[in-house]
Amino acid sequence: MKTRMNPILQTTLVLALGALLVGCSAASPDRTKRRPHTAMRGPAHKRLILTMNESHHLSQRANQHADALEASGQIDAMTMLDARELAEDAAQFADDVEWSVANNQRMLWHRESMDQLWDRFIALYPEEKSWANAYRTEDMRKAPFKVQLKKAYNEQWDLDFEKVRDQVMERQKKAMLESL
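For the sequence shown, position 114 (counting from the first letter as 1) is numbered 114 according to our numbering, and the numbering increases by one without interruption.
Possibly wrong hints are sitting among the right ones.
What the hints assert, rightly or not - With a straight-line cut-off of 25 Å between C-alpha atoms, the simulated DSS-like cross-links for lysine-lysine are:
#, residue 1, residue 2
1, 163, 173
2, 142, 129
3, 174, 163
Hints were generated in silico from the structure; no laboratory data involved.
Work out the full structure, taking the sequences as your base and the hints as a guide.
Okay, structure coming up:
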């Protein structure tokens, strides 16, 4: 006995197969070419820059410790392998973050990835726990606002912003009166 498929079922099946084929054929991003930026601005961009600095510091510190462990020769092979893998992973992550910043690309979950690297670092080098935790504090990871930077800048260099603003306003008024 012949049965015909319902047209709605046929359409659904074709759409599902098409979606499956499109999902399977997604190309991985080519890091040699710049892609159009995704409007990375504001606090998210600043947080990514802070993560870039943090990852570079971790990468350098992990590499220094791995070199010191290798030079001492008093460590087992598995610990040495873990130290080298941590240094390589941290360097790769720092490179990925730097590429994302340079190409104005969003990078999701960068803080969680950074926390995982810090946990591995602390597990290998427990004596560096206070140094690592200093980088992980909210104050260290908080993106500063422009106003706060300006205020801190004025306090650091002993500038009186109101005085400078008043002088500029006086000059503008004088120039406007002279032009009339």
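Hints versus structure:
1. A threshold of 25 Å between alpha carbons decides the hint, and for residue 163 with residue 173 the separation of about 15 Å falls inside it, so the pair holds.
2. Pair hint residue 142 plus residue 129 holds up; C-alpha atoms about 20 Å apart against a cutoff of 25 Å.
3. Of the pairs offered as hints, the one joining residue 174 and residue 163 holds, with about 17 Å between alpha carbons and a cut-off of 25 Å not exceeded.
Checked against the numbered hints above, the structure breaks none of them.
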